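If you read the protein sequences in the order shown, they are chains A and B.
Taking the numbering used here, the leading residue of the first sequence gets 1, the next gets one more, and so forth.
Taking the numbering used here, the leading residue of the second sequence gets 221, the next gets one more, and so forth.
By construction, these hints were calculated from the structure, which means they are not laboratory data.
Hints may contain errors.
What the hints assert, rightly or not - Short derived list, chain A residues pointing at chain B, Cβ under 8 Å:
hint	residue
1	P70
2	E118
3	A119
4	G124
5	Y125
6	V134
7	I138
8	W214
Being a predicted model, the structure only gives us computed values, none of them experimental.
Even for Gly, the Cβ is constructed at its ideal location relative to N, Cα and C.
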Amino acid sequence: MREGQPFFRVDWVIENADVLARRIGEQLFITGIAIVIGFLLSFAVALLVRRYPRLYGPVLGATGLFYSIPSIALFVLLIPITGLSLLTAEIALVGYAMVILVRNIVTALRTVPPEVLEAADGMGYTASQRLWRVELPIAVPIIVAGLRIATVTIMGLVTIATLIGMGGLGYLIVNIGISQRFPTATLVGVTLVVVLSVIIDAALLFGQRRLTPWSAARGA
Amino acid sequence: MTSAPDTTIPRSAPSPAPGSGAVVALEHVTKRYGDAPPAVDDLSLTINAGEICVLVGPSGCGKTTTMKMINRLIEPTSGRITIDGEDVARLPAVELRRRIGYVIQQVGLFPHMTVTDNVAVVPRLLRWPAARIRERVDELLELVGLDPAAYAGRYPAALSGGERQRIGVARALAADPPVMLMDEPFGAVDPIRRERLQNEFLRLQAQVRKTVVFVTHDVDEAIKMADRIAILQRGGVLAQYDTPDAILAHPASEFVEHFVGADRGLKRLSLGRVRDLPLQQPAIVRVGERGAEALPKIAASADGHALVIDDADRPLGWIDAGDVAPDAVVTEEAATPGSPPLQPETTLRDALSAMLLSSVQLGVVVDGHDRVLGVVSVDAISDALRAPVDASRASIDGAGDGQAEASVP
Chain A
1 MREGQPFFRV DWVIENADVL ARRIGEQLFI TGIAIVIGFL LSFAVALLVR
51 RYPRLYGPVL GATGLFYSIP SIALFVLLIP ITGLSLLTAE IALVGYAMVI
101 LVRNIVTALR TVPPEVLEAA DGMGYTASQR LWRVELPIAV PIIVAGLRIA
151 TVTIMGLVTI ATLIGMGGLG YLIVNIGISQ RFPTATLVGV TLVVVLSVII
201 DAALLFGQRR LTPWSAARGA
Chain B
221 MTSAPDTTIP RSAPSPAPGS GAVVALEHVT KRYGDAPPAV DDLSLTINAG
271 EICVLVGPSG CGKTTTMKMI NRLIEPTSGR ITIDGEDVAR LPAVELRRRI
321 GYVIQQVGLF PHMTVTDNVA VVPRLLRWPA ARIRERVDEL LELVGLDPAA
371 YAGRYPAALS GGERQRIGVA RALAADPPVM LMDEPFGAVD PIRRERLQNE
421 FLRLQAQVRK TVVFVTHDVD EAIKMADRIA ILQRGGVLAQ YDTPDAILAH
471 PASEFVEHFV GADRGLKRLS LGRVRDLPLQ QPAIVRVGER GAEALPKIAA
521 SADGHALVID DADRPLGWID AGDVAPDAVV TEEAATPGSP PLQPETTLRD
571 ALSAMLLSSV QLGVVVDGHD RVLGVVSVDA ISDALRAPVD ASRASIDGAG
621 DGQAEASVP
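Please model the entire structure based on the sequences and the hints provided.
Structural data, given as structure tokens:
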């Protein structure tokens, strides 16, 4: 902290409202891309694992290994290949999203009770009808739970991506707050990350409840 | 020796009438898994249209495998299965399955669909118009005894086990398939509820007359439900295929004799139904009635007991003169609960067993809405049995088994 300066400067927040808004936009943009692409890829991998169950072990092993790479190290390792770019950030972020989502979607599909699958086959659903009309709808609550964890995790990781020049709320926390010893920016950045995470988490939960009214009937 | 019709305990199940069922025929059907001994070995079996055929046998006898080959959840290694002469292998499997009702022990209702959507699954797969589906769902819910207004919008999680099982049956019947496959459908419910569900299904079947292939490991259930029983032994070998009465009277082999049990004389009690007995009208007292009105009725009854019923005519229990004061009203608490209520479809065996356990040895017979129809006595069962059992003893003795003596109460 610089001498003679209050710990928190409300006037700075008000003066820089437009900058904060832009940083929030960046944060959401980077997170959104990682989650959307990560989810689509994870979904494809999960369907592949469902089709070829022998892939289950290797896929979980590979994602687990990926997860153990520290995120800063991964960003740095990618720089020689893809440079200081959004691509670098997204490759790493999509990877982390997939670690959570692949395992989650595979597990969600596996929790569909065997008697439900047997009934579906016995009723005369085709394989794809069974997937889209029975297995996936039943898996939705668990899939959304994974999506919530992934989103919050990626939100946090995006703040680290500022180290490779990605902006976002990490820019406030690190580049202004820590590097320039200006705690107001750090505090604002962290608060915004937390608030955004909570809002997105609540929105996903709300969406899931709307999508699966039956899951509330459980135990009723 | 064959058992002549007049030597059998009267069985009021009507003979197969032309219904909506189809003939199911298995011709030399074999199922092998790798090099292991066959799960089902050269099985030939013709199931008449509109009959309930129960596949029964010890575990590993291939009964479920046999059933699942009919809708091709399992493909036979060799042999042919036909429905009304049409080879099931010629149809795409999903089309075949949409024409065959399927009920399993764990029911397998789709948890994310309402009762309506569950029942509507097959009609929707068959692309029925929406109005027809709605009509059909209501009709089916009524058929299985559930009020459409109360149940249509519920999710399976909000249903009891028995209700789920009924919805499972309604779902299987939705597109009016000629054939129904039922894999231990009542295996997961408690004995009293199972009895009710069995009775309900028999009542339903009397209306719809499907060809039903019913798998169970429970001989008593087989005897109760079957028009014909196929007893399978390990390795999917058909040990005997005949009516329950004929199997009990003339087991074809030592295996069958063993499997149906040493008490097969007693098991023949399962062939008679409560509806075959004369119903008596007991003294009846309604809850809330004054003691002064109830006491004369109790005094006038044959055995000094009166049956207490509630406002909906449902039985609550029995009272005698000691339970009632002239200046008080009759309460539910005063009544001593009797045996669980019997239904017209209850077998004499279950009825006897229930009645022997209660203090008042009368069985209360109720209809599908639990309303009292009358009572039956242990003596009535004994009377109903005496002539037929005496007559059939000759044939059982002829098979070299003196166990029938034990069956005369």
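Status of each hint after checking the structure:
1. With a cut of 8 Å, the hint placing A/P70 at the interface with chain B is violated, because the nearest CB-to-CB distance is about 40 Å.
2. With a cut of 8 Å, the hint placing A/E118 at the interface with chain B holds, because the nearest CB-to-CB distance is about 6 Å.
3. For the restraint placing A/A119 at the interface with chain B, the shortest Cβ-Cβ distance is roughly 3 Å, inside the 8 Å limit, so the hint holds.
4. Residue-level restraint check for A/G124 holds (minimum Cβ-Cβ distance to chain B is 4 Å; threshold 8 Å).
5. Contact between A/Y125 and chain B, as hinted, is supported at the beta carbon level, the nearest pair being about 7 Å apart and thus within 8 Å.
6. Annotation: A/V134 was flagged as interfacial toward chain B, and the flag holds, the nearest CB pair being 6 Å apart, inside 8 Å.
7. Proximity of A/I138 to chain B holds as hinted, the smallest CB-CB distance being about 5 Å (cut-off 8 Å).
8. This hint holds: A/W214 has a C-beta 4 Å from the nearest C-beta of chain B, less than the 8 Å allowed.
Of the numbered hints given earlier, the model fails hint 1 alone.
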